[in-house]
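Participant: Each chain, letter by letter, is given below.
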Amino acid sequence: MSPLIEVRGLRYRYEDGTVGLNGVDFRLEPGESVALLGPNGSGKTTFALHLNGLLRGEGSIQICGLPVEKQNLPAIRRKVGMVFQDSDSQLFMPTVVEDVAFGLLNLGMDSAGALAKARAALETVGMSAAETRAPYHLSAGEKKRVAIAGILAMEPEILVLDEPTTFLDPLGHRSLAELLAQLPQSKILITHDSRLAAALCNRAVFFEAGQVSAEGPVDMIVARFGWDLAWERSKLRS
Amino acid sequence: MRHVVVDCWARGSSLLHRRDPRAKIVALLVFLIALATTSRGLPLFACGLLLLLVAALLWARLPVWGALVRAGIVLPFSAVFAIVSWLAGDPARGASLLIKSYLSALAVLLVISTTPLPVLLRGLEGMGVPHFLLDVGQFLYRYFFVISEEAQRMNQAAAARAASSWQWAVGQRFRASAGALGVLFARSYARAEDIHRAMLARGFQGRFLLLDATRFRRADLLFTAFASLAPVVLRIALDRVSA
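These protein sequence lines are chains X and U, in that order.
Numbering of the first sequence is given in our numbering, commencing with residue 1 and proceeding in unit increments.
Numbering of the second sequence is given in our numbering, commencing with residue 1 and proceeding in unit increments.
Chain X extracted, bound-state conformation:
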């Protein structure tokens, strides 16, 4: 079976000369979910932005067999749903339902079809009651759910989630983790939360200085790099 994502030798340099990615190889198999771990600035988000064609580096990227090239971008953006770290960047329409329908209308769907799908996506994330509210009136957890609904409505095969639990309180964190666990799509999860990574992913990839420095089962990678907040807490208490 061909991989959902296949990346070979991906390199990217920002306009100011900073090296973002320095030869990344990566595969995502069907049904698999992978956590991207690593320090801030190690290239995780830069890598994720390439999967949707939002950044273009050197090397090859194939999404469900399609090379990431200009003519394939509409199809690729339908297959890869990207949930950004800051929901305020993702929500820009006047009401929640219009925001969720935004991607569907861009895909060429008519208003009635887009409305029905947007409502179904809002129901999936438990936000039906907020349909007519303005996104900027929602709490951080609600915004995140609406942002996820906007992606789910487009029925992607792969979800890319960039630190989805940022700004969430413990209850919102738990509730979002439960929601994500129910979603059938393959996931790429960028996170610093090793427990969330272990709960949602089969595998972890560790980024350092724009490169993949290790990959394997989540527990093994977390232990190898000391990537566990519980260790920090016990250290601080002692």
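Hints may be right or wrong, so weigh each one.
Residues from chain X shown here face chain U by an in silico Cβ test under 10 Å; the list is partial [claimed, not checked]: (1) 80; (2) 102; (3) 111; (4) 134; (5) 136; (6) 138; (7) 139; (8) 140; (9) 150; (10) 171.
Hints listed in this document are in silico derivations from the structure and should not be mistaken for laboratory results.
C-beta atoms are modelled at their ideal positions from N, C-alpha and C, and glycine is treated no differently.
Based on these hints, arrange chain U on the given structure of chain X.
Facilitator: Chain U alone, transformed into the frame defined by chain X:
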């Protein structure tokens, strides 16, 4: 974050809010032409138009006093030209300029307070305004909120560190404001880039598409007829009385 009052007003659900944007645009244009072409008997005509606008504000369930105050935002600009006319020995022209600019601003405020901007732009599109201009309008609208929110965040951060510019000398204030504006621009630019990326990620191809296609109903036709005829009939009636 606090949001622009007019934008909140536009989210109402009164009968006036529900009218097709094209109906409101046509009525506004007729209103502005009727006002701009009036010279004889302007004070009385202006009172009549003001009453019409106040009635429309009440119908739209908008705060009348708040709208009357906000429409005054044009007065400092028109006052400059009014003063020039007055100094040139034509005080009547100056007064006429003030009255007309204020009533025009109030009429425009009424339309944008009862029509969310994306819907208003869709109405303009239906009337043949080029897409390019409308998309620029839509982006300006979105990024205005981005800048406003960034400015509020910076203001909160400054207040949290007990910054109070009132104690500073003018030069210090100028330097601090210039620095803050530079930072505001850089932060807004970065945020706007994030938003644009998020839009592209959901297939944005350069044109905003709305969920509800506007439909011109019989009620919109009646509204257009009434709202367009009202200022015209008022002006004709006043002309006949004064003749």
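Participant: Are the hints correct? Go through all of them and say.
Facilitator: Structure-based check of all given hints:
{"no.": "1", "hint": "80", "in the structure": "8 Å, holds"}
{"no.": "2", "hint": "102", "in the structure": "6 Å, holds"}
{"no.": "3", "hint": "111", "in the structure": "5 Å, holds"}
{"no.": "4", "hint": "134", "in the structure": "7 Å, holds"}
{"no.": "5", "hint": "136", "in the structure": "6 Å, holds"}
{"no.": "6", "hint": "138", "in the structure": "12 Å, violated"}
{"no.": "7", "hint": "139", "in the structure": "13 Å, violated"}
{"no.": "8", "hint": "140", "in the structure": "13 Å, violated"}
{"no.": "9", "hint": "150", "in the structure": "7 Å, holds"}
{"no.": "10", "hint": "171", "in the structure": "23 Å, violated"}
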